[in-house]
Every structure is written in structure tokens, then in C-alpha cells.
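Now for the letters of each chain:
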Amino acid sequence: MHIKGLMFDPYNNTYVVVLHDEKHSDMLPIWVGKSEAGSISMAMENVTPPRPMTHDFMHSFLDAYNAKVISVVITDLSEHTYFAKIHLMYEDSEYTVDARPSDAIALALRCNAPVFARDTVITKQNSEEFDQWLENLKPEDFGKLDS
Amino acid sequence: MSTANPPSEQGLVEYRVARILEEANTDTRIVVLAKQDNALVTFPIWVGAAEGNAIKLALDGTITPRPMSHDLIKSFAEHLSVTIQRVVIADVKSSTYYATVYVTNKGVERKIDARPSDAISLALRAQCPIYITEDVLTRRSTTNLDAWLSKLEPKDIGTPEVQET
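Just so you know, the sequences run in chain order A and B.
Going by numbering that gives the first Met the number 0, the first sequence opens with residue 0, and the numbers climb by one from there.
Going by numbering that gives the first Met the number 0, the second sequence opens with residue 0, and the numbers climb by one from there.
Note that these hints are calculated values from the structure, not bench results.
Glycine included, each C-beta is placed from N, C-alpha and C at the ideal position.
Where hints are given, some of them may not hold.
[Claimed, not checked] When the alpha-carbon atoms are kept at most 30 Å apart in a straight line, the in silico DSSO-like pairs for lysine-lysine are as follows: (1) A:K33 x B:K92; (2) A:K84 x B:K92; (3) A:K3 x A:K33.
[Stated by the list, open to error] If we take Cβ atoms under 10 Å as the criterion, some of the chain B residues that face chain A in the derived model are: (4) T27; (5) V31; (6) Q35; (7) D36; (8) M67; (9) A76; (10) K110; (11) R114; (12) D117; (13) L121.
[Said to hold, decoys possible] Covered by chain A, according to a simulated footprint, are these stretches of chain B (three or more residues, beta-carbon under 8 Å): (14) 53–66; (15) 125–136.
Pulled out of the complex, with its shape left as it was, chain A reads as follows (with noise of 0.2 Å):
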């Protein structure tokens, strides 16, 4: 999946990361918290904070011992949370851990790494609330899609 773009959600007051698939058929919401968006946010911009924000300091962590974030799977949701590993390499032996999406995002795009989402997350996501969401959008709330 890759980053379309990190968007405000006005009527739930926080912020949603869009993924969406290489032929553009598939897309995938996921809500996440101001920290954790404004965190996604600095990795797409490619900004360098003068301190290292959490997740700079995760990626220093995994340098600093030469593990490598191999990628990242969005595996399940339920009762609208999302849950996601991160696939680690380290000294020849894979590692799998168990991550928020917005932490293996952040992560993520700081390491290059490849995020992908599970087909059965892209399937109940469909049926649960994200069409609902998009029928009560306001044109003007368009134009606050940050890609």
C-alpha cells in the first residue's frame, strides 16, 4: 500500500492516513491521533525536527543494533481498531512485533520500508464505516488532503 495522503476528520476530531493500493482500487482509512499524524506527517515531508521525535528515536534504536524494518502488514481490524506488525530483520533471524498502524507507518516511511494491508482488513473495511464517513463530507473538507 502506499501514503496517499493524511486528511482532518472533522466530525471525529482527529486525523485519518489514506493508503490506497499500486492500481489505485483499493483504499484504506486509518484513524490515528494528532501525535501520531503530525509524526506521519514530518516522515512524508521529509522534515527533520531539531529533536528526535518518537519515532526517530525508534528508527536511531533499530539503526543503532543494525535491525532493519523489513515491512510492515496492517492484519486486522476489529470493532474499528486496527492492528499491524512489523517485520524486523536482525542478525539473520526475522522478528515479528505487534504495532498500532500509526507506529508502523511512522516507522515505516522512516526506514523505506514497504507497508502493506491484509485483504481480509481491506474487505471488512469496505463494509464498515468509511462509506458512510465519505457520504458526509463536505466539498470544503477536501481540500484539507495533505499529499
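Keeping the supplied structure of chain A fixed, place chain B upon it in accordance with the hints.
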């Protein structure tokens, strides 16, 4: 919470997180550190709301359904057999504090730069000590504290703290 192996650097003073104060109407929190052996000696650090909340979760021992950012870092450390030894608030420039996280793996120590909020959040989860250098204690920033105190009104004095440990 003292380490078996005292830090190699000289002039470190151990502190612990005493409480997190909420500032009304702002997006900031105040992390109040207290000297390990003298609770009356405190050291306030201003942090963002999200950072303050992350520290509060760890301070209260709250288990969240999904791992928060610092739980993830701790999880990385466990997978990589890395021990988080200690965190040090090592510098202050223009009212901004800088911290260093000391980690070891197979007897080799490495240091990673961090913001104090990340360092403290991680220290609470990894149960490692928090130090402030004597240099920082001498040069501590009073800008925020002075500004905050000057804004206080008599009615604010004596209001209960947000959270007491």
C-alpha cells in the same frame, strides 16, 4: 531504583517521576521529577499532551489494548536482547532539554539521543533509573517555571493536583 553498576559518567543525580500535572487550557503537561533520595527537591519538565499522557500511562501501570509507541520500543529491545540501562537528561539549550538513552547488548554500551519525554516514558516501562547531570541541574531552565508561576492566581494555590502517586 539504583543500578548495580553505577554510571561511568560523573555528576549524575538520580530522579524519579513524582507526578504529571495538567495545565488548564493548554496542550502541555508538566512532568515533575523528584530527587530519588529527597522528594522535596523537584525538577519540572514541560512536555506535550501526548507525551505527558504516555508517561502517565506508564506511571499508573495502565495496560492498553494495543501497544503504545514506547511499549513498541520496549518490545523491540526485548526482541533484540537489548537492555535499557538508564536515561540521562544531559543538556539544556534555550529552555529545551536533551536526553540520552543508554542501552547495552552483549556487554557493549551504546547511547541514543532522545527527547526527555521519550526517555522518561521508556525508563518507566523498562524500569531503569533516570538521572539528571549536575551541569543541567545548575543551568536548569527557569523560563517556563517563572512564566507559569506568574500566571498563577491566588485561587489556583491549593487546588488539588491532577494526579498523585
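Point to revise | Hint numbers contradicted by this structure | key: Violated: hints 2, 4, 5, 6, 7 and 15.
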